[in-house]
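Colleague: Chains as they are written, first to last, in the working numbering: chain A, 1 to 127; chain B, 1001 to 1127.
Some hints could be false.
Some chain B residues near chain A, calculated using beta-carbon distances under 10 Å [to be verified]:
no. : residue
1   : 1008
2   : 1010
3   : 1047
4   : 1071
Result set (PhoX-like, lysine-lysine): computed pairs, CA atoms no more than 25 Å apart in a straight line [unchecked claim]:
no. : chain 1 : residue 1 : chain 2 : residue 2
5   : A       : 31        : A       : 7
6   : B       : 1046      : A       : 31
7   : A       : 74        : A       : 46
8   : B       : 1046      : B       : 1007
9   : A       : 31        : B       : 1074
10  : A       : 74        : B       : 1007
11  : B       : 1007      : A       : 7
Source of the hints: derived by calculation from the structure; they are not laboratory data.
Every residue, glycine too, gets a C-beta built ideally from N, C-alpha and C.
Protein chains: 2
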Amino acid sequence: MALPHAKPGTVVDVRPLGRAIANTSTATLVKTDTLEVIRIVMPVGKDIPRHNVPGEITVQCLEGNVEFHIGELKRELTAGTLLYLEGADEHWLHANEDSSLLVTILLTHKASHRNDGALEPCPFCAR
Amino acid sequence: MALPHAKPGTVVDVRPLGRAIANTSTATLVKTDTLEVIRIVMPVGKDIPRHNVPGEITVQCLEGNVEFHIGELKRELTAGTLLYLEGADEHWLHANEDSSLLVTILLTHKASHRNDGALEPCPFCAR
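Bound-form chain A, shown alone (with noise of 0.2 Å):
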């Protein structure tokens, strides 16, 4: 059953998941108008294909250890480590271990989402 969204001022759990890592399923914990906070599940091995969102998003690593990658550009992401992209920046991850990541998007390039053919669908952004 998916979580409901928290309203604001809900108190949140976001500690690693550590062996429950492998029951639980990816979860978008906060959704606004202008916000999504995700909590992407990656079991070792998972890829994210390439894609971009519009707009601006932070990526924190609460777990394990994903491998980013940036156009050319490769970033190990380990627990306790964050990035950020701008709006519309390709990127692509694949899990190393068991990951789990806080991912918070800014949804304020809505209106100029673009997603052209060359990229794969947005799994974060599909609507």
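Start from chain A and add chain B according to the hints.
Modeller: Structure of chain B alone, referenced to chain A:
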């Protein structure tokens, strides 16, 4: 010396500071036209007086224990918990322990910023 703001794709360390918290100041990690990410360091006993910011914010406790007051509501943030606030929600904070918080601020409502006489100036948004 202030840390330079991260560029897109730069990996930023947001692990708990542990004992280094005593020698670490609040720092802006990311700043763009629409997004600001700040690590706020609050020594035990410190208050951040009542204020609001125009855009939505998320507040994630990285370590410690912070009372988060929203109007008449009181929430407790411990390591690995997060809440969000809608723009303009008045709030104030008190650190029950040496604590650090990762605060993400949407600057999308910058133009509508208001700070009426009853409120303390916002410490994060003084521009």
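Colleague: Looking at the structure, which of the earlier hints fail to hold?
Modeller: 3, 6, 8, 11
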